[in-house]
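Line by line, the protein sequences give chains F and V. With positions in the first sequence counted from 1, the corresponding number in the numbering used here is that position plus 10. With positions in the second sequence counted from 1, the corresponding number in the numbering used here is that position plus 1.
None of these hints come from the bench; they were simulated from the model. Hints may contain errors.
[As the list claims (entries may be wrong)] A few chain F residues that face chain V, going by a derived Cβ cut-off under 7 Å, partial list only:
hint: 1; residue: T15
hint: 2; residue: P41
hint: 3; residue: G50
hint: 4; residue: T54
hint: 5; residue: A60
hint: 6; residue: S89
hint: 7; residue: L92
hint: 8; residue: S96
hint: 9; residue: S98
hint: 10; residue: Q270
[As the list claims (entries may be wrong)] Cβ pair distances, simulated, as ranges:
hint: 11; chain 1: V; residue 1: K190; chain 2: F; residue 2: S98; range: 44 to 54 Å
hint: 12; chain 1: F; residue 1: V163; chain 2: V; residue 2: K190; range: 53 to 63 Å
hint: 13; chain 1: V; residue 1: P422; chain 2: F; residue 2: R64; range: 45 to 55 Å
hint: 14; chain 1: F; residue 1: A59; chain 2: V; residue 2: E384; range: 24 to 34 Å
hint: 15; chain 1: V; residue 1: S365; chain 2: F; residue 2: W156; range: 16 to 26 Å
hint: 16; chain 1: F; residue 1: Q106; chain 2: V; residue 2: T263; range: 53 to 63 Å
hint: 17; chain 1: F; residue 1: W156; chain 2: V; residue 2: P422; range: 45 to 55 Å
hint: 18; chain 1: V; residue 1: P232; chain 2: F; residue 2: V163; range: 13 to 23 Å
hint: 19; chain 1: F; residue 1: N68; chain 2: V; residue 2: N377; range: 23 to 33 Å
hint: 20; chain 1: F; residue 1: A59; chain 2: V; residue 2: T81; range: 30 to 40 Å
hint: 21; chain 1: F; residue 1: D86; chain 2: V; residue 2: T367; range: 23 to 33 Å
hint: 22; chain 1: F; residue 1: S98; chain 2: V; residue 2: Q122; range: 33 to 43 Å
The structure displayed is predicted, hence computed values, not measured ones. Where is the CB? At the ideal position from N, CA and C, for every residue including glycine.
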Amino acid sequence: MIRYTLTRLALLLLGLLVASVLIFLTLRVLPGDIAQLIAGTNSTPEQIAAIRERLGLNQPLPLQYLEWIGGVLRGDLGSSLLTGSSVSAELAQKAQVTVPLGIMSLTIAILFSIPLGVLSAMRRRRAGGTALSVGAQALAAVPVVWAGMMFVVVFAVWLGWLPAQGFPRAGWNDPAAAFRSLLLPALTIGIVEGAMLMRFVRSATMQAVGQDYVRTAAAKGLTRNAALIRHGLPNVGLSVITVLGLQVAGIIVGAVVIEQLFSLPGIGRMLVADVSARDLPKVQGELLVLTGFVLIIGFLVDLVHRMIDPRQREAS
Amino acid sequence: MFRRTAIAATALLAAGALLLSACTGGSTPDPTTTAEADPDASAVIRLVLEPGNLDIRETAGAALDQILVDNIYQGLVSRTPEQDIVPALASDWEISDDALTYTFTLREGVTFHDGQELTPQDVVWSLQTRKDTPEWSDSARLANVASITADGQEITLTLTEPDSSLLWNLTGRAGLILKEGDTVDYQTKANGTGPFQLTSWKQGDSITFERYADYWGDKAKVAEVVFAYIPDNQAALNAALAGEVDAVTGFDANLKEQVEATGDFALVLGASTDKGTLAFNQAPGSPLADKRVRQAIRQAIDHDAFIEAFNSGQTQYGPIPELDPGYEDLSDVAPYDPEAAKALLAEAGVEDLTLTLTIPSFYSTTIPQILVSDLNEVGITLEVNSVDFPTWLNDVYINKDYDLSFVLHTEARDFENWANPDYYFTYDNPEVQDLYAQSLAATDEAEAADLLAQAAKIVSEDAAGDWLYNGASVVAVGTNLTGLPSINVNERLNLAELAKSNG
Chain F
11 MIRYTLTRLA LLLLGLLVAS VLIFLTLRVL PGDIAQLIAG TNSTPEQIAA IRERLGLNQP
71 LPLQYLEWIG GVLRGDLGSS LLTGSSVSAE LAQKAQVTVP LGIMSLTIAI LFSIPLGVLS
131 AMRRRRAGGT ALSVGAQALA AVPVVWAGMM FVVVFAVWLG WLPAQGFPRA GWNDPAAAFR
191 SLLLPALTIG IVEGAMLMRF VRSATMQAVG QDYVRTAAAK GLTRNAALIR HGLPNVGLSV
251 ITVLGLQVAG IIVGAVVIEQ LFSLPGIGRM LVADVSARDL PKVQGELLVL TGFVLIIGFL
311 VDLVHRMIDP RQREAS
Chain V
2 MFRRTAIAAT ALLAAGALLL SACTGGSTPD PTTTAEADPD ASAVIRLVLE PGNLDIRETA
62 GAALDQILVD NIYQGLVSRT PEQDIVPALA SDWEISDDAL TYTFTLREGV TFHDGQELTP
122 QDVVWSLQTR KDTPEWSDSA RLANVASITA DGQEITLTLT EPDSSLLWNL TGRAGLILKE
182 GDTVDYQTKA NGTGPFQLTS WKQGDSITFE RYADYWGDKA KVAEVVFAYI PDNQAALNAA
242 LAGEVDAVTG FDANLKEQVE ATGDFALVLG ASTDKGTLAF NQAPGSPLAD KRVRQAIRQA
302 IDHDAFIEAF NSGQTQYGPI PELDPGYEDL SDVAPYDPEA AKALLAEAGV EDLTLTLTIP
362 SFYSTTIPQI LVSDLNEVGI TLEVNSVDFP TWLNDVYINK DYDLSFVLHT EARDFENWAN
422 PDYYFTYDNP EVQDLYAQSL AATDEAEAAD LLAQAAKIVS EDAAGDWLYN GASVVAVGTN
482 LTGLPSINVN ERLNLAELAK SNG
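Modelling step: build the complete structure from the supplied sequences, incorporating the hints.
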């Protein structure tokens with residue numbers, strides 16, 4: 011187990027290193043730079059050159075990369091070229107919106123996908139099960155933006171239950187309003203992500219139904235459903251944990267889109283604004299943190315999976 | 002003498018009132034509340050574009066000027082929404098007969114928001130540093146200034162040659178007065194002399210000003226102003242109807258009925274210097290180097306369609322909008338006539354022309370839609386390349402790599418770009434450049450405007466570009482607000498007179 015953990019950890023670090031190079035290089039491919047934006051549409055070439063010089067944009071790329079990654083290793087993720095504020099402080103501030111949004115989305119996804127997935131597998135030969143399965147297929151194929159717009163139309167415009175956009179200016183000092191404003195966005199991401207998860211749960215359950223141990227348990231006198239729930243579900247849980255890592259990545263991407271749609275002042279919206287401002291030191295810091303987060307979740311999922319799956323434990 | 006002045010003033014006021022009522026289409030709300038203005042009020046104003054940072058020294062963009070100039074930072078002189086030049090930190094000024102010496106009388110007892118006193122040396126330092134620092138915006142606008150000196154409260158600017166645009170330039174970035182050696186973090190904070198001081202900036206959300214209690218002039222009439230940045234118009238409408246904002250600038254006139262439905266808001270349309278500019282890359286080798294092709298494109302476009310689509314604004318057939326000096330009606334230069342356009346293209350021997358329009362993605366898709374369909378009518382295929390703004394800056398503005406480009410140029414009095422062959426307009430006509438230089442050198446305002454008008458007419462006749470529309474300032478104003486400017490608010494939003502009642 012220790013050897014396994016160390017190998018996984020080494021892979022994680024290697025992944026982060028590769029990600030940092032990719033992030034750094036892909037951002038440099040974007041046309042335009044921040045000096046042009048600062049100088050604007052009545053600028054002279056001298057003005058742009060002077061700003062570029064001051065911001066250190068003229069330094070060779072390898073040097074820029076090394077300075078950045080050196081800072082990251084010392085715990086400094088970098089800072090904005092526009093405001094001078096540090097990436098970690100900005101992330102911490104915007105996380106007040108995005109982290110609750112992510113947790114709510116994931117909770118919604120799990121709460122509806124697991125029971126419905128199992129149900130649709132157990133009733134797969136009946137109309138209800140088929141309808142659930144088709145519904146999940148359809149929902150999983152729906153773009154998050156479209157789902158979000160539909161929810162806004164129904165819950166905000168027609169029913170008027172929830173706000174259509176925005177986050178209270180008072181933030182979490184007004185917990186009820188803050189919670190309400192995150193509900194529709196979380197529902198949007200949660201349902202689309204949950205539909206994908208549900209298909210997974212369904213196929214894992216169906217696989218479990220056909221397994222020998224379920225048949226044996228049934229032969230011992232358990233009802234088929236009881237056998238499935240007692241012996242099959244732990245195996246389903248394993249597969250769910252495996253895809254959860256992917257789900258987290260999906261939720262982050264969903265948050266970027268949804269925060270735009272609902273104008274929520276979170277990490278996703280900040281990221282988009284920073285890219286349009288070509289504030290590259292800030293963008294690369296933010297992307298590295300997000301990538302690191304997804305990779306660490308993946309790492310933890312691997313460890314947990316190994317710990318709770320007796321087959322894998324014995325294999326090592 | 003007095004009587005004549007009085008009559009002239011009355012006539013001017015009447016004309017102004019007429020102009021205003023024409024602009025607002027009679028929709029200016031009568032104040033429905035008789036409640037008195039609340040000196041402790043907080044007014045929330047929706048704006049569209051949030052600045053990237055607050056560095057008024059070097060960060061370009063109307064988003065900064067809109068809120069920071071006049072309200073926080075001031076110059077010796079300022080401009081009214083009607084574009085007249087008025088005193089600010091200078092109580093008075095005098096221009097020598099040869100127009101080479103400008104003498105300003107600096108007000109006394111002016112303090113910065115952090116309590117420091119404004120000294121004549123601060124003025125000299127601000128203008129001199131602006132002129133000498135190339136990365137500061139508009140530093141080139143002071144290139145003509147040979148010396149800046151102070152003698153007591155008298156500030157004297159000496160020019161190398163007359164410059165009829167100098168005073169105007171001093172109402173903008175070039176003329177802003179900062180504290181010498183100030184240690185304020187200009188990127189996220191501010192320290193000026195205006196009626197408001199910056200209290201907070203919640204990035205991605207809002208900027209808050211509060212009344213500066215020690216302001217040298219009439220104190221602000223509201224205690225606090227919150228600028229809420231809401232990019233989407235539908236979202237802004239929802240915020241207005243929910244009572245979260247008191248005024249919505251940059252609004253969509255098509256939403257007039259919705260926003261006025263509750264009776265809490267009235268839609269006000271004001272003139273602006275927003276010019277929807279269609280640039281033609283006319284560098285040698287481009288199909289648009291042929292004036293007939295450019296003229297054909299202008300005549301193929303139904304400019305009224307833009308006004309109808311936006312339900313606001315007016316047509317503009319030359320480079321100068323109605324608010325600026327040098328404006329004249331040039332609608333007969335390029336009337337909508339697809340048949341004439343086809344004939345011009347045939348004469349130029351152009352067939353199956355395909356052009357690309359490079360347009361920043363935040364503009365309404367209505368614009369490319371109208372262009373694609375109008376140009377298709379005359380046999381030109383228009384491909385639309387929708388890009389983010391930095392890409393536009395890089396490809397079009399810097400590298401001039403484009404056929405057609407659309408951008409809304411908001412700045413007032415920016416004719417200079419048509420006289421600059423290096424600008425992305427790629428328009429190079431020595432006659433226009435010469436007329437513009439003469440206009441700058443003119444010592445008489447009317448003469449300067451007349452020369453500009455002559456130059457503008459040539460630019461339009463050359464079909465150097467096209468102006469799809471002259472946008473309007475569209476503002477939904479809460480009926481409990483008074484004193485909110487309605488003209489050119491995307492460029493400047495002076496809130497010195499803003500008052501809010503509790504009614």
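Legend entry - Violated hints - listed by number, lowest first: Hints 1, 6, 8, 9, 10, 11, 12, 13, 16, 19, 21 contradicted; others consistent.
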